[in-house]
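Q: Protein chains in written order, with the numbering used here: chain A, 1 to 241; chain B, 1 to 241; chain C, 1 to 241.
Source of the hints: derived by calculation from the structure; they are not laboratory data.
Hints are not guaranteed to be accurate.
Same chains, same label: a pair holds when it works inside one copy or across any pair of copies.
Below are the SDA-like pairs computed for lysine to any residue, each with C-alpha atoms no more than 20 Å apart in a straight line [to be verified]:
hint, residue 1, residue 2
1, 118, 233
2, 189, 139
3, 189, 112
4, 189, 41
5, 84, 141
6, 189, 150
7, 84, 56
8, 118, 148
9, 189, 114
10, 118, 175
11, 84, 146
The model shown is predicted, which means the values in this text are computed figures rather than measured ones.
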Amino acid sequence: MILFTDFGPSGLYTGQMLAYLAERAPSVPVIGWLDDAPRQNPRAAAYLLAAYSAAFPAGSIFLAVVDPRVGGDRPPAAVSAGGKWFVGPANGLFELIRRRTPGSVAHEITWRPDRLSKTFHGRDLFAPVAGSLAAGESVEMEERPPDWARRPGWPNDLAEIIYIDSFGNAITGIRASTIDGEIDLTVNKRYVGHAETYSQVPPGGPFWYENSNGLVEIAVNQGSAAEQFGLRIGSPVGLGG
Amino acid sequence: MILFTDFGPSGLYTGQMLAYLAERAPSVPVIGWLDDAPRQNPRAAAYLLAAYSAAFPAGSIFLAVVDPRVGGDRPPAAVSAGGKWFVGPANGLFELIRRRTPGSVAHEITWRPDRLSKTFHGRDLFAPVAGSLAAGESVEMEERPPDWARRPGWPNDLAEIIYIDSFGNAITGIRASTIDGEIDLTVNKRYVGHAETYSQVPPGGPFWYENSNGLVEIAVNQGSAAEQFGLRIGSPVGLGG
Amino acid sequence: MILFTDFGPSGLYTGQMLAYLAERAPSVPVIGWLDDAPRQNPRAAAYLLAAYSAAFPAGSIFLAVVDPRVGGDRPPAAVSAGGKWFVGPANGLFELIRRRTPGSVAHEITWRPDRLSKTFHGRDLFAPVAGSLAAGESVEMEERPPDWARRPGWPNDLAEIIYIDSFGNAITGIRASTIDGEIDLTVNKRYVGHAETYSQVPPGGPFWYENSNGLVEIAVNQGSAAEQFGLRIGSPVGLGG
């Protein structure tokens, strides 16, 4: 099972999910993949999850929790797509996976635990469901039609910063395959040209490139693009000069 | 085995404990539960550990290290409480667990490793002891009377902030079951009313609620309570208006 | 297998390496040892890795990635030293291990994956190689002479800060065994005297000591040496008054 959350690098919440899973599904290996998904931002997280989950093998089960409306009325979902399961809130987080994966099927989770806290469905509801799926057990859920819980207004590629890594590299929601590799980008009214890798630009020099998961990423050789351009999650990215 | 430390999210110290455990007790699964326990603050950590360890099943073994006096004269302890073991410094860290668990028994660890550094008992002493207990091996320790290494002056519930999570939610040391659910709290001279969950208050609105582990927690819907109220570990919390 | 990287505490990159290893070498236990090695600084990281890897048992396989020139012309290396393997970029990261370990042998990795991204050799090249070595499989590599990819100009002990832990303790690249235990150090024009452990100095008092892995470390009892002395990675340390 693969964890994808915005819980932050420390363990109060992730650790409780891990403890639950270790107790109830001890044979299921758990990979703490990402704990700094875009904070409280299912839209940006949806583009990140779609791009980065593609490299995981069929059979992977993602426990994905970016859930600012926990305790509200967004339903819980389990999406089957490309031989993988995605378990988490039906708040758009799986929109791009559903859109890009032919034959994907969304289910509303109808099972409820004996005790469901109002604020931590990751531990109380999503972890048990993902653990059951990983253990090959059935889960009470109902298939929903393709238009259930969709976000039709979201673009196919998001021309915004969706993630800033610890080096200060700024990842966009744009698949590099969808744009001309020679164009300049604009961020905060400044141009950023294309390069293939760090060693092609001088130290301190900015560039954009197709990152190792296929997204357009803005970087500075031996520096921080986020600092140099004042970027944060949601900063817009212009295509072309 | 479950790790509860103030070592921080990066791995220099936690990783060394994990490496030791992987070498000497490879069959024992280790959960890196919490690495941002209240820094150098066994008192606040004691309330957090007591509240959050309750959900773990009997048989759990906690390796708990918040140890500002390492190298001084505080003795090493192993506390048996409710079918769980708690291994760490006898500096008050287990005070609330001992107080709230009928039949708890404290032991002073008398075993010493061949090489005991003066500054990293987590790796050199507590991890080996916890590993041995997890593996079902005996450890040299001596039962101590109930009044050994106690902190009788500490309250049953601590009306202070004891943890701030990565969303900026501020957890207090007050069990919600001990107070009237309709009262207001005061923090930094401002009132905070009660709500059951995030969706009951408008974006930016503060509230307190019983969190998923039973503690009173102060939050802001889609915002940071720590920032809005200037809270940090140790900030006092008033009960009633 | 033991991870030593500068990827930061969140999981976008570490998680992808873990996912790869879980898929291809599921029987190999992985310890996420250190993810905040000196950022983009193979020189400082080399002294840290040499000092801290010594405590790991023979048979350990280190996947070590501090690689600011990824995509450039530095070759990939696998170093056998003292019964351990070190896999990562040949950019000096293994210089001190090679220098301090009699009989160490360096190899250039000649194997290449079907798909090698230009910016994430940790996932695409080093993780597969380390995984194969851990699984006991052969890897295409060629032994290189002792003078291959060396850094002869680097000192045997580095009189600089090479790591600052989450408490603010500042670790130097100086092995304590190489200096007189009674001398004062100077950092930012201020003296720091020797003590054996925290409890020997008053709260707020600075001191240096031999840390639990043999390096000279500057600390402040119940405080942050990094803040009190304005230290960062690379800050010079003077020996003697």
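Q: Hints first: check each against the structure and report whether it holds.
A: Status of each hint after checking the structure:
Taking CA atoms no more than 20 Å apart as the test, residue 118 paired with residue 233 passes in neither setting, with 27 Å inside one copy and 25 Å between copies. For the identical chains of this complex, residue 189 and residue 139 are neighbours neither inside a copy (50 Å) nor across copies (48 Å), given an alpha-carbon limit of 20 Å. Proximity of residue 189 and residue 112 under a CA criterion of 20 Å is satisfied in neither setting, with 49 Å inside one chain copy and 40 Å between copies. When the C-alpha separation of residue 189 and residue 41 is checked against a cutoff of 20 Å, the pair qualifies neither within a copy, at 25 Å, nor between copies, at 32 Å.
Proximity of residue 84 to residue 141 under the C-alpha cut-off of 20 Å is restricted to the intra-copy arrangement: shortest distance 16 Å within a copy versus 36 Å between copies. With identical chains, the CA atoms of residue 189 and residue 150 are never at most 20 Å apart, being 33 Å at best within one copy and 44 Å at best between copies. Proximity of residue 84 and residue 56 under a CA criterion of 20 Å is satisfied intra-copy only: 9 Å inside one chain copy versus 30 Å between copies. For the homomeric pair residue 118 and residue 148, neither the shortest alpha-carbon distance inside one copy (23 Å) nor that between copies (39 Å) is at most 20 Å.
For the identical chains of this complex, residue 189 and residue 114 are neighbours neither inside a copy (53 Å) nor across copies (39 Å), given an alpha-carbon limit of 20 Å. Proximity of residue 118 and residue 175 under a CA criterion of 20 Å is satisfied inter-copy only: 17 Å between copies versus 36 Å inside one chain copy. With identical chains, the CA atoms of residue 84 and residue 146 are at most 20 Å apart within one copy only, with a shortest distance of 17 Å there and 48 Å across copies.
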